[in-house]
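Visitor: For reference, the chains in residue letters:
Protein chains: 2
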Amino acid sequence: MQRSVHLKRTSPFLTPEDKERERQSKRDAVLQTAASLFCVQGYNATQMGDVAEQLGVTKPTIYYYFKNKEDVLVACFEVGFELIESTLRDEGNRARNGAERLRNVLHAYAEIMTQDFGKCTIRISTTDMSKQSRERIDQHRRKFDSRIRSLVKAAIEDGSMPPCDPKIATFTILGSLNWIGQWHKESGDLPPADLARAIVGQLFLGFENGRKKRVR
Amino acid sequence: MQRSVHLKRTSPFLTPEDKERERQSKRDAVLQTAASLFCVQGYNATQMGDVAEQLGVTKPTIYYYFKNKEDVLVACFEVGFELIESTLRDEGNRARNGAERLRNVLHAYAEIMTQDFGKCTIRISTTDMSKQSRERIDQHRRKFDSRIRSLVKAAIEDGSMPPCDPKIATFTILGSLNWIGQWHKESGDLPPADLARAIVGQLFLGFENGRKKRVR
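Chains as they are written, first to last, in this note's numbering: chain E, 298 to 513; chain R, 298 to 513.
These are computed hints drawn from the structure, not numbers from a lab. Keep in mind that a hint or two might mislead.
Intra- or inter-copy, both count: the list cannot distinguish identical chains.
Each computed DSS-like pair below joins lysine-lysine, with the alpha-carbon atoms no more than 30 Å apart [unchecked claim]: (1) Lys-366 / Lys-428; (2) Lys-440 / Lys-482; (3) Lys-482 / Lys-450; (4) Lys-450 / Lys-366; (5) Lys-450 / Lys-323; (6) Lys-440 / Lys-428; (7) Lys-440 / Lys-356; (8) Lys-316 / Lys-440; (9) Lys-366 / Lys-464; (10) Lys-464 / Lys-323; (11) Lys-428 / Lys-356; (12) Lys-366 / Lys-440; (13) Lys-364 / Lys-450; (14) Lys-428 / Lys-316; (15) Lys-364 / Lys-464; (16) Lys-323 / Lys-482; (17) Lys-464 / Lys-428; (18) Lys-450 / Lys-356; (19) Lys-316 / Lys-464; (20) Lys-356 / Lys-323; (21) Lys-450 / Lys-428; (22) Lys-316 / Lys-450; (23) Lys-356 / Lys-316.
Source: prediction; values computed, not measured.
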């Protein structure tokens, strides 16, 4: 038994698991490179040849992983949405009340908007995609719009946030945060976590004069 | 003198001023139709033939006013920016202090984002435009970003707004308002003026609990 394990480890042949991991990591590299190019030079101006060149491979290698450019773009959106949805799942648990839960989620969301996959979901228009791809994307968008709206409602209900219209509040919040994906540059002066905290802090604080007392 | 005026009014021939007015109103109609189509079906999917068809004219008629589709798009952006810049000029004068001046400008800005020309400036990506067009557009954007930033600074200085980072504040505000251009539908339940007031009001109020006292 011990000997067989030892043999396996030193074998130059990949196990099916190794192969799957390698395939996945190559696919991820294609997506990361494409997302970065889409963000910088735009979707229309980016050719699959540019992606291949950056990775030092030939174009057919890319087409082994993806059918066409739209397929790559949709996969980039999916990664972006998966990142956002994972924050909606994970960040809620550590909070003491609704307002803190909302803030935690928004910090994570804002940080994703400073990354290429998050930026893609905002910068690249979906109008020229196939109807099927657009519907998939709209479904994701409606899903986390409604999740944020529920977080706002819960925070109002447990008294940790003042009463407001959850729909208007969600549009106001998501506008500010999604907009980060539009203007953010890696060369910006604030690290992503600090930028996220600054924007979310500003949203919570508002712009009105007067004494404010935080209630937890 | 009176007679000549009378003659002019009943003449079936257009004066040079009439001709210029007519040319301008036809050009405006082309832009309004194009802006509306760009917003609904996207820039790439819209052909100049679609614009001509909607106006009941032939394609060459459109090309009498504009060189090509990009020329039409850039002109739509220019109208959108001109609308925004006119609010920055006009809305400031009626205000009693910096915070009120900022709010007035933002209400007008938010309303423009519910109109086709405003929506165009947000929905249509500029990445595929010529370098020259992109630079003109970036110049406009920098200009009103810096105008909003000055309004924020002035409101902090005259004490009508609490201290904050004007750069972060401007990104937060413009994000929420520009985002209206992305999601707004004519069929929405709030009239533009009410929607503008709701979003700007929410931005000013913030989401923090605690007593607030308005200082004017």
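Visitor: Does each hint fit the structure? Answer for all of them.
Guide: Evaluation of the provided hints:
| no. | hint | result |
| --- | --- | --- |
| 1 | Lys-366 / Lys-428 | both (15 Å within a copy, 24 Å between copies) |
| 2 | Lys-440 / Lys-482 | both (28 Å within a copy, 19 Å between copies) |
| 3 | Lys-482 / Lys-450 | between (33 Å within a copy, 24 Å between copies) |
| 4 | Lys-450 / Lys-366 | neither (40 Å within a copy, 45 Å between copies) |
| 5 | Lys-450 / Lys-323 | neither (42 Å within a copy, 49 Å between copies) |
| 6 | Lys-440 / Lys-428 | within (18 Å within a copy, 37 Å between copies) |
| 7 | Lys-440 / Lys-356 | neither (35 Å within a copy, 42 Å between copies) |
| 8 | Lys-316 / Lys-440 | neither (34 Å within a copy, 53 Å between copies) |
| 9 | Lys-366 / Lys-464 | neither (35 Å within a copy, 37 Å between copies) |
| 10 | Lys-464 / Lys-323 | neither (41 Å within a copy, 39 Å between copies) |
| 11 | Lys-428 / Lys-356 | both (26 Å within a copy, 28 Å between copies) |
| 12 | Lys-366 / Lys-440 | within (25 Å within a copy, 36 Å between copies) |
| 13 | Lys-364 / Lys-450 | neither (42 Å within a copy, 51 Å between copies) |
| 14 | Lys-428 / Lys-316 | neither (34 Å within a copy, 45 Å between copies) |
| 15 | Lys-364 / Lys-464 | neither (38 Å within a copy, 43 Å between copies) |
| 16 | Lys-323 / Lys-482 | within (26 Å within a copy, 41 Å between copies) |
| 17 | Lys-464 / Lys-428 | within (27 Å within a copy, 39 Å between copies) |
| 18 | Lys-450 / Lys-356 | neither (49 Å within a copy, 52 Å between copies) |
| 19 | Lys-316 / Lys-464 | neither (46 Å within a copy, 48 Å between copies) |
| 20 | Lys-356 / Lys-323 | within (14 Å within a copy, 48 Å between copies) |
| 21 | Lys-450 / Lys-428 | neither (32 Å within a copy, 46 Å between copies) |
| 22 | Lys-316 / Lys-450 | neither (46 Å within a copy, 58 Å between copies) |
| 23 | Lys-356 / Lys-316 | within (21 Å within a copy, 56 Å between copies) |
The structure is inconsistent with the numbered hints 4, 5, 7, 8, 9, 10, 13, 14, 15, 18, 19, 21, 22, although it conforms to all the rest.
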